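Student: Read top to bottom, the protein sequences are chains Y and R. As numbered in the numbering used here, residues 2 to 288 make up the first sequence, in order. As numbered in the numbering used here, residues 17 to 308 make up the second sequence, in order.
Quick caveat, the hints were computed from the structure, so don't treat them as lab data. Treat the numbers as computed from the prediction; the structure is a model and nothing was measured. Heads up, some of the hints might be wrong.
[Claimed, not checked] Below, in silico cross-link-like pairs of lysine to any residue (SDA-like), each with a Cα-Cα straight-line distance of 20 Å or less: (1) Lys49/R to Gly86/Y; (2) Lys135/R to Glu259/Y; (3) Lys164/Y to Ser107/R; (4) Lys135/R to Gly86/Y; (5) Lys49/R to Lys186/Y; (6) Lys49/R to Val260/Y; (7) Lys49/R to Phe278/Y; (8) Lys135/R to Ala165/Y; (9) Lys164/Y to Lys135/R; (10) Lys49/R to Phe273/R; (11) Lys49/R to Asn263/Y; (12) Lys186/Y to Ala165/Y.
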Amino acid sequence: MATYIIGILVTVSLFAILAMSLDLLLGYTGLFTISHAAIFGIGAYGAALTMQAFGWGFLPAVGVALGASALVSAAISLPSLRVSGDYLVLASFAIQEVFYSLLVNLDGITGGSAGLHRIPQPSILGFTLTRPLDFLIAYTLIAVLIFIALSVLVRSPFGLLLKAIREDEIVPQTLGKDVVAAKVKIFVIAGCVAGLAGALYGSYYTFIDPLTFDVHASVLILSMVLIGGMGTLWGPVAGAALLIILPELLRFFPFPSEVLGNLRQIFYGLIIIGFCFLRPTGLVRAR
Amino acid sequence: MNLFLQLAVNGIYAGSIFALFGLSFALIFATTKVWHFAQGAVYSGSALIVVALATTIGLLPAILAGVVFATLGGLGCQAGIYGPLRRRGASMLVIVMASLGVTIVGENLLSILFGPSQKTLLVDVGGPIIAGGIVISRAQLLAPIIAVAVVGLALFVLYRTDFGRKVQALIGDEELMQLQGIATGPIRMACVAFGSAILPIAAVMLLLSGTGVSPYIGLPVVLIGAMSLFLGGINSMLGAAIGGFLIGFVENVALYFIPSSWQAAFTYSLFLAIILVRPTGLLGRRLIQSSM
Numbered sequence: 002m003a004t005y006i007i008g009i010l011v012t013v014s015l016f017a018i019l020a021m022s023l024d025l026l027l028g029y030t031g032l033f034t035i036s037h038a039a040i041f042g043i044g045a046y047g048a049a050l051t052m053q054a055f056g057w058g059f060l061p062a063v064g065v066a067l068g069a070s071a072l073v074s075a076a077i078s079l080p081s082l083r084v085s086g087d088y089l090v091l092a093s094f095a096i097q098e099v100f101y102s103l104l105v106n107l108d109g110i111t112g113g114s115a116g117l118h119r120i121p122q123p124s125i126l127g128f129t130l131t132r133p134l135d136f137l138i139a140y141t142l143i144a145v146l147i148f149i150a151l152s153v154l155v156r157s158p159f160g161l162l163l164k165a166i167r168e169d170e171i172v173p174q175t176l177g178k179d180v181v182a183a184k185v186k187i188f189v190i191a192g193c194v195a196g197l198a199g200a201l202y203g204s205y206y207t208f209i210d211p212l213t214f215d216v217h218a219s220v221l222i223l224s225m226v227l228i229g230g231m232g233t234l235w236g237p238v239a240g241a242a243l244l245i246i247l248p249e250l251l252r253f254f255p256f257p258s259e260v261l262g263n264l265r266q267i268f269y270g271l272i273i274i275g276f277c278f279l280r281p282t283g284l285v286r287a288r
Numbered sequence: 017m018n019l020f021l022q023l024a025v026n027g028i029y030a031g032s033i034f035a036l037f038g039l040s041f042a043l044i045f046a047t048t049k050v051w052h053f054a055q056g057a058v059y060s061g062s063a064l065i066v067v068a069l070a071t072t073i074g075l076l077p078a079i080l081a082g083v084v085f086a087t088l089g090g091l092g093c094q095a096g097i098y099g100p101l102r103r104r105g106a107s108m109l110v111i112v113m114a115s116l117g118v119t120i121v122g123e124n125l126l127s128i129l130f131g132p133s134q135k136t137l138l139v140d141v142g143g144p145i146i147a148g149g150i151v152i153s154r155a156q157l158l159a160p161i162i163a164v165a166v167v168g169l170a171l172f173v174l175y176r177t178d179f180g181r182k183v184q185a186l187i188g189d190e191e192l193m194q195l196q197g198i199a200t201g202p203i204r205m206a207c208v209a210f211g212s213a214i215l216p217i218a219a220v221m222l223l224l225s226g227t228g229v230s231p232y233i234g235l236p237v238v239l240i241g242a243m244s245l246f247l248g249g250i251n252s253m254l255g256a257a258i259g260g261f262l263i264g265f266v267e268n269v270a271l272y273f274i275p276s277s278w279q280a281a282f283t284y285s286l287f288l289a290i291i292l293v294r295p296t297g298l299l300g301r302r303l304i305q306s307s308m
């Protein structure tokens, strides 16, 4: 039971990191993308492959993962620089599907649908994380550090510029601000953070497969941000906790096991719809 | 050469079906301005109903049942979710999330009702026609005719009737219409109903050639529909149909050069490249204001 609870809390910390990084785009800058799971996946596959194929250590592998996800994230920003939000929704959706298709088809590299197994556990300065509690402490600490770093970021002049872009791009432009550079920058930062979550995810579960990073995962991360409260950092954390823990509770009701997965999903869908109607601003309201 | 012609025949077939996906998405998107992701669940639901009923009550009544389901599903989303949310002043983002929520609930309800596995339509429509070494199935013969008829009907209504002019006005400037005292709600509902009703028809065209349907195949249909619209040029119904046709045709002819497992990645990448170079689409005139 303790291991089960610790496992859920580790998942919450990983998704809190993911949701915070997506909120930089969605809540703070007003950029709706449906490809965050792909960035998450680049980080996970990037780190795992670096460790498995080149035999590199955990830290260099994380470095590779961050670089790769930052690069892809910057590529996703391209449509948002030229055209309106609707195009970004569509382009990021298409990129998400391309990524999924690559994961399945490049089976010589990614292991195809079977995924990658036996990913090394995180090892830093000779200390390897193996026990569930170690993971919980380390990953929670990382999530807290990211929270602090991002709260400094969003309060900085750069953070204010992002909010100005969200409200009306024309205004910061007329003030001589480089809106394009700001958008690319925030995509790179969000990509790095999501990629880190990917690297941490792979080394925790020691197994990754394409389904973890499909469009439904992107929707899950989006709903965490929306339910928690966009344009805040506490919001995505609360949203991640709520959407990971609440569906788990269904496990304790006597539903037939063959529909349990479906019921959990239905429950999660109803939570989303309910929030849209009853509390569209999310749990935590932006000030 | 034969292989190329065969792929072209397959391409015309897929293109005819994708043209209907494009028209369906375009009609709903242009009149509601909503990213109607739940269309995916409406699509797979209506297709599953056709498959389930075809063996007991016959194919045509089953298609009718599918059309009724899709129409009610589409109207339900608009009247029960998008409309009320809009009246509450919800942002576009919230409405999109609600649509994704409906998709998740819908897909999983369908999985409980029909089972999660792929289902195929067990109806004999007659063997294929073989001409000069090229195999043309009955479905492949039927699909272009149906597509031209449906798109033709939609365009006729849109450009040659009083109702169609109201639809065009609604797409162009809803507020102006409301100022003139025209109720835009019923016009929008009619477009949602028609856009939803053509989904099961497209689905049947696919099912007749033995393609399977499962509760989870809907989102790619939405993606194809959306790509068709943006490729053809936003707010252009003809553009969306042509865009859809091109996607289906190119993605099949491309099999001459690439293995079929790469089809999806190829199509989406090509689309991304085109939209980066020419964001207004092939027939588009101007960029619309961002709605989100």
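Student: Can you confirm whether the C-alpha distance between Lys135/R and Ala165/Y stays at or below 20 Å?
Tutor: 50 Å, violated
Student: For a C-alpha distance cap of 20 Å, please report whether Lys186/Y and Ala165/Y respect it.
Tutor: With Cα atoms ~15 Å apart, Lys186/Y and Ala165/Y stay inside 20 Å; holds.
Student: Lys49/R and Phe278/Y were given as a pair; does the straight-line alpha-carbon distance stay at or below 20 Å?
Tutor: Holds, at about 18 Å.
Student: Decide if the proposed pair is consistent with the structure: Lys49/R and Phe273/R, CA atoms, cutoff 20 Å inclusive.
Tutor: 38 Å, violated
Student: Starting from Lys49/R, check that the Cα of Val260/Y is at most 20 Å away, please.
Tutor: 35 Å, violated
Student: Going straight from one Cα to the other, do Lys49/R and Lys186/Y come out at no more than 20 Å?
Tutor: 30 Å, violated
Student: Straight-line Cα separation of Lys135/R and Gly86/Y no greater than 20 Å?
Tutor: Status violated; Cα separation ~37 Å.
Student: Do the alpha carbons of Lys164/Y and Lys135/R lie within 20 Å of each other, as the hint requires?
Tutor: The hint is violated at about 48 Å.
Student: Lys164/Y and Ser107/R were given as a pair; does the straight-line alpha-carbon distance stay at or below 20 Å?
Tutor: Status holds; Cα separation ~16 Å.
Student: Could you grab the alpha-carbon distance between Lys49/R and Asn263/Y and see if it respects the 20 Å cut-off?
Tutor: 30 Å, violated
Student: For the pair supplied as a hint, Lys49/R and Gly86/Y, confirm whether the alpha-carbon distance does not exceed 20 Å.
Tutor: Cα-Cα ~12 Å, so holds.
Student: Please work out if Lys135/R and Glu259/Y have their alpha carbons no farther apart than 20 Å.
Tutor: 18 Å, holds
Of the numbered hints listed earlier, those contradicted by the structure are 4, 5, 6, 8, 9, 10, 11.
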